[in-house]
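Take a look at the letters that make up each chain.
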Amino acid sequence: MAASASQPVFEIEGLCVDYTTELGVLHAVRDVSLAIHEHESFGLVGESGSGKSTLAMGAIRYLAQNGRVTDGSVRLNGVELLGLSDKDLRALWGAKIGVVYQSPLSALNPSIVIGKQLAEVARQHLGMDASAARGRVQEMLTKVAMPDPEAVMKRYPHQLSGGMLQRCVIAMALMTNPSLLIMDEPTTALDVTTQAVVLDLVAELKREFDSAILYITHDLGVITKICDRVGVMYAGEFMEQAELKELFKRPLHPYTLDLLGCVPHFDPTPQKRSLVTIPGSIPRVDHLPPGCIFAPRCGFVEEACTQARPPLVAVDGAHLSACRRWQVVPPPAEYLRAATEAVREVQTECVAREVLVAADDTQVHFKAPKGTVRAVDGVDLEVCVGQTLGVVGESGSGKTTVARAIIGLTPRTGGDIRLRGDSLALSTAKRPRSTLREIQMVFQNPDASLNPTRSVGDAIMRPLALLGGLDRRQARDKALELLESVSLPASYFDRLPHELSGGEKQRVAIARAFAAEPGIILCDEPISSLDVSVQGSLMNLLMKLQVEKQTSYLFISHDLSAVQHLSDVIAVVYLGHVMEVGDATTVLTPPFHPYTEALLSAVPLADPDVKQKPIRLSGSVPSAMNVPPGCRFHPRCPRNLGDICREQEPPWRVGEGDHRIYCHIPLDELARLQAETLVLDTEESA
Amino acid sequence: MARFILRRLGFMVMTVLLASIIIFWATTVLPGDLASQILGRFATEEAKSQLRTELGLDRPVVVQYGSWLGNYVQGDWGKSPSMNTLVRPIVFERLSNSLMLAVVAFAMYVPLGILLGLIAALRKNTWVDQTISVGSLAFIGLPEFVSGLILIAIFAIQLNWFPAQSAIPPDTSFIEALPYLILPAITVALTSLAYVVRMTRSSTVDVLQMDYVRTANLKGLPPRKVLFTHVLRNSLLPTVTVVAIGIGWLIGGLIVTESVYGYPGIGRLLLFAIQRRDLVLIQSTALLIVLIYVVANLVADILYAVLNPRIRYS
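Protein chains in written order, with the numbering used here: chain A, 3 to 688; chain B, 31 to 344.
Each statement offered as a hint is correct.
So the derived label-pair ranges between C-beta atoms look like this:
hint	chain 1	residue 1	chain 2	residue 2	range
1	B	V91	A	P413	44 to 52 Å
2	A	L468	B	P90	52 to 60 Å
3	B	A168	A	H500	33 to 41 Å
4	B	V91	A	N447	50 to 58 Å
5	A	L468	B	G165	47 to 55 Å
6	B	L167	A	H267	57 to 65 Å
Cβ-to-Cβ under 8 Å is the rule here; a few derived chain A residues that face chain B:
hint	residue
7	A93
8	A109
9	L110
10	P112
11	S113
Keep in mind the hints are simulated off the structure, nothing from the lab.
If you're wondering where the values come from, they're calculated on a predicted model, not measured in any experiment.
We treat Cβ as the ideally placed atom computed from N, Cα and C, and that holds for glycine.
Isolated chain A (complex conformation) (with noise of 0.2 Å):
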């Protein structure tokens, strides 16, 4: 599979894509070349802002009006794309070109039935008529496995779920077997269990389509599910090119080091380590470094490197590296041990046995004119002072609406809520100041939690006169203090939001939150829109800073790697209902529940030597407004006992320390079932 010496079936040369701004013309993507053989699969990473996407649309000739190929060789079948009238254009897209987006609710059309949609391309480029086109995408939807195809053609996007959708866009795209396959972070938009399938998927439709995929995404585990060959971009140009194991196991570049080091990987050790971090952000490309553009933030630059920039040349076989200096580059492992440090003991046990917040029973119920949305069913939580709870658990389970009801902007419907043993109003409005300044929260979306018209300063100062009680000269001086805790500089104070970076946005949230002197903070999502360099110096944060507060963390994510980073005591919620909780270490090892288990097993491990079991759930979440009776994730269980899953609400099953499972099955049945580790055999041992 890896580059043979055939022809390559797409191949880029020395490409180069302008756009031109009210900032001049910004040279997006620099001198680029890359090769994809038939059945080959390039994985494209990079963080926002690198041209990932800018390059592969370029290369298709897919541009804004303001964006404008200015040089390079683009051949797919050894035809030159640039030179192509659009009529010639059109004549490939579609036909020898095929693409998938992240999103797949967006890439279809609302208003046409998904049939039609799909019926176009059979029609426009195979000369079926309509009833041809018809049967050839039903045989197309079948090939993406999709269930009951008939039914499906008949449905418009908004009926039928992300993971669905993505097989439609994915049997589009594969309907005239096109010679080129670009895939533009396809699972991004789905959930990890629905990833994982779609995933499978797409290696399985590799081997029996003939295309070579251009797969881009800044998810480095989901390379390790696809690709062959994996291109690093940073700021316009490809920093490094290998086959994957070679990437992963000996990269030739610090970005790529840093990178694999700045997300959190699966040790369950009571030892909390920091994350790899990247000083400073991706340069502006009308502002790039003389030399090296990834000196300015390397931690092997030498002054030579900021003299002329270094080309990405072969150093090892077909192994590329735009380094310099790739000779000194340390093996991941031993850079990893070097570059961070532990930061904090897990603390499973409660100090002093005080428990800061705790959820008793919680239910918050919506009525809604068909019935009612079981948002949060029956929920019991414990934080302590200083620990951080993990809440994980994918879209739709309620884990949001179980931090609305603590902090009261949602009230409960049912159950109590508790800090420090004191029961909660049910709302905000109820509330004395002094719970008030007790729980804070930082929410997903910065730009939607911050207000737009007012400064950094204003923002922190606000809960400091409100809830601190300090005046504007105090209220001053301690968010000038909360600033540089949060390692944003002075100048920031009078700065407004639009003026920040994503990172730094939050980086202000939690500033923000940290100024009332909170016990606990609930995090909602704070990382999950950033790049993955900020994600990681975000951790940090989050950490050092539960040092020297001693404060609570409630943090929930849908992803499992950062809830198993941060967290003391994970929980893990499907559908209103906590499945099982316990010591991060606990939980994540054998008995698990198994959702637990199928979550577990999907999400993609950066590490191309461990094979995963594939344990996967069929469907999605069910809606809140139709829990299944029974145990609710009976229809989607893959070890479902039968009717007493069906009928019966499970036990909590008590193991070691305070490990609990919702679950029909035994903890040492479970064990057994689940002896072998999720993680199979690496090749490395055998």
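Here the structure of chain A is known, so what remains is to put chain B in place on it, guided by the hints.
For chain B alone, kept in the frame of chain A given last:
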């Protein structure tokens, strides 16, 4: 869908009822009642009070309202004191005139507005776009009595293409009336054109940036097909709604234009009734206009739901 329409119909009935109460109440608090109107200023109090008893004006207001509404629904709209004829035939005559004008105006500005809006969107930020936007906007600010007089000066007086006055006699057929309708219709179209252009332009610009338009292009469909199957259907949704809501105004709200041209439409009938303090005529005409507005809104809602599957199936 049936439930959706039923619910809308329910709202519609409520709106009309409420409007009928307001109309009735407003006309009863106006100075001078029906009896003094019919008998004239010099009638004796006795004569008036006798007539009031005959007309039932001495009954409580609620009873009067009930019988008025009951009669209205049954088609008995009463007799106009100022014109001394039955109200219903006059109102319907004027309504049909208004409809003729509305149809011609509609046929002028809706297709043109959509076309110009589309061209502006497809040529976004070029001189074509700017010319269309500025040009159509210029007419929004121009009051009908100004644009109407200019049109009359040019096309009726200078060029003598169309009649300057449009006071068509009763029972004129559509074909016969057509020459009289052109100038008033242009006047109406000029003020409405910009709304359609702007709406079409902005929604088309939005839709052109949608991911699914990229999908359609990268399917390799010809640009014409992308525009017609993928762009238009979605981008015309807001325009359809605005246009449908505008129908109410187009039929019942053209008082100024009708006055400029002396066109016997329903708007001018209402004006006449108010000038003569003809309460019966005011009530009947006003309630009919309300009815037209409400129906136009209902049509807009239903059209939107029919065209938008996301509403239809939720």
